[in-house]
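For the protein sequence lines, the chains are A and B, in the order given.
For the first sequence, the numbering used here gives the first residue as 1, with consecutive numbering after it.
For the second sequence, the numbering used here gives the first residue as 1, with consecutive numbering after it.
FYI, nobody ran anything at the bench for these hints, they're computed from the structure.
By construction, the Cβ of each residue, glycine as well, lies at the ideal position given by its N, Cα and C atoms.
One or more of the hints may lead you astray.
Output of the computed footprint for chain B on chain A, the stretches with three or more beta carbons under 8 Å from beta carbons of chain B [what the hints assert, rightly or not]:
1. 83-94
2. 160-168
Result set (DSS-like, lysine-lysine): computed pairs, CA atoms no more than 25 Å apart in a straight line [said to hold, decoys possible]:
3. B/Lys-244 - A/Lys-199
4. A/Lys-154 - B/Lys-165
5. B/Lys-165 - A/Lys-152
A few chain B residues facing chain A, derived, Cβ under 10 Å [said to hold, decoys possible]:
6. Thr-46
7. Asp-50
8. Ala-162
9. Phe-180
10. Leu-187
11. Ile-209
12. Asp-212
13. Gln-216
As a plain string of letters, each chain reads:
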Amino acid sequence: MKIAFKLAYRNLVGAGLRTWLNVIVLSFSFVVIIWMKGIITGWDYQAKTDMKNWEIGEGQFWHKNYDPYDPFTLTESHGKIPEEFRKEVQSGKMLAILICQGSIYPNGRIQSILIKGIDPKQTLLQLPTKKLDTAVNAIPAIIGNSMARANKLKTGDFITMQWRDANGTFDASEIYIAGIFATNVPSVDMGQVWIPMEKLQSMMILPGEASIFTFSNSDISRVQPKDWVLKTKRDLTASIDKIIKAKTVGQSIFFAILLLMAMLTIFDTQVLSIFRRQKEIGTYVALGYTKQQVVWLFTTEGAMNSVLAALLAACYGIPFLAWQAKVGWTMPVNASEFGMAMSQTLYPVYSGALVVSTVLIVMLTTTVVSYWPSKKIAKMNPTEALRGKIQ
Amino acid sequence: MIKNIAITLFTAISTWVFSQPTADQILKKVDENMSSENRVFESAMTINGDRNSRTITSRTYAVGDKKSFTEYLSPAREQGTKMLKLENQLWIYSPSTDRTIQISGHMLRQSVMGSDLSYEDMMDDRKLTDIYNASITGNEEIEGRKVWLLELKAKVTDVAYASRKVWIDTERYIPVKEEFYAKSGQLLKRSTLSDVLKIQGRWFPTKIIFKDMLKQSDGTEFKITSVKFNQEIPEYIFTKAALKQ
């Protein structure tokens, strides 16, 4: 066994450039796979963290009629703040939000929006709602970056907002853009205007009513009030999981192609070795090696490519991956247009499991690919091999 | 002398007061003039946008204010599109997709073919006297014709516009201008009615310009090119099946 490793190592190093080309290609696969998987893991982490901080907290309660994908439900999806939640809402650990439909008229164009009422004093979400505490002769409002950009709005602007109250009567007023926030979560940004909760309740003639509740602690056991449905963090981030899953499948195809290219070079090298080293194979058998031992020797030689590749990958990959984790990868296209929680710069996150699994997969694949052409040795006639006759 | 002046003044005021109908009477007469048992009309709707204008022609069959069926005739892109309104329900058939969809909820707030009219503007078919308290607040002159200015304040809660102003021709009993206000008092929409013709014994405005006052546009012109009152309209027209025919 020890001799097999020694011989394999000596043969590999002796092959010179051919070996190093294989090792470089394979090491590239190591680094790219770990980096790309790290980006996806980092995106998953960032998206969920941003959603938690900006939108969903540790979970939500939705009014039974509320469906964010069906605006038809909005006129019916609100109810009185349940008695069971009142204490938590008052302590600031639960946030009531009222959601209604409306329109704004930036530069004389009509734009449908969601008007969201929120407590200006809240600290549960990162929305800069303190800016809503502005004394101005209009309704103070905050909007997201994308919304501001799409409608050419800036802080200090006044625009007309129109809505219909609970009875269906039109009303309109000026709103004052008290602040514009930058967020990676489009579901609190695109087509949305945030105004003080009490103001929206009085505008809509819906005093003390809300559409959703966001809470900061999921460990408390709460009684689920009638008409309100619990949405756990897992439920609310399920869309992210689905996207990540879809992306992972897509990535796997890319990894497979990358590995296939690397394995093709190893396979070719193995075929060439067996073809050119027939006398050597015959000599091993003449010296007393069984055919299986020779197969093992050649397989070890091939598999050792991946060990050398792992070492080389570690040499330049660790600094590269560490640098990437620090500065991140900035996407060349505008991430806010993707319509999902995604920051412009993604920071890869590497876990031990990710590195170990990648190394194991590459090593195992290399071993299998090395063994495959080596099987031919078992069928060789040693005498013919010693003569160097092509078999 | 003073007694004579007082008597003359009293007589003049009484004559003026009693000769002028009340706001409700005016609205009732307007309703009688503007509504009919049924009508068939062809119209051209010109939507004036920022960069260009386009005209859509259509034929409408209407029974009272509750039922109407509209078929768009041109341009080619809109040709064959049909709209059916029954009470408070509205369906649209699109020939390009061969599908009928019901317009409800927030979709009612969208504009009709990009005009200044929303679907829900077409949906409220209650009589003005049923939903507003009206009062005469002035006498004015518009384009050489004497008009009453009526202010309408909502008397029911489920009304789209909290108040309206209507200018009504004192002789012909037709509105010549109407303004729609939000609860806050902000002017939201304005319609101007003109080209009044006497058709089958009644005065009828054949041109209406709608303007969404919050939007930057020159408004939408609605021109009735032909209208016939009290026609025989087959009942099957007001069915969903007729949309696909």
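For each hint, the structure was consulted:
no.: 1; hint: 83-94; result: violated (count 0)
no.: 2; hint: 160-168; result: holds (count 6)
no.: 3; hint: B/Lys-244 - A/Lys-199; result: violated, 47 Å
no.: 4; hint: A/Lys-154 - B/Lys-165; result: violated, 35 Å
no.: 5; hint: B/Lys-165 - A/Lys-152; result: violated, 34 Å
no.: 6; hint: Thr-46; result: violated, 19 Å
no.: 7; hint: Asp-50; result: holds, 8 Å
no.: 8; hint: Ala-162; result: holds, 5 Å
no.: 9; hint: Phe-180; result: holds, 8 Å
no.: 10; hint: Leu-187; result: holds, 9 Å
no.: 11; hint: Ile-209; result: violated, 17 Å
no.: 12; hint: Asp-212; result: holds, 8 Å
no.: 13; hint: Gln-216; result: holds, 2 Å
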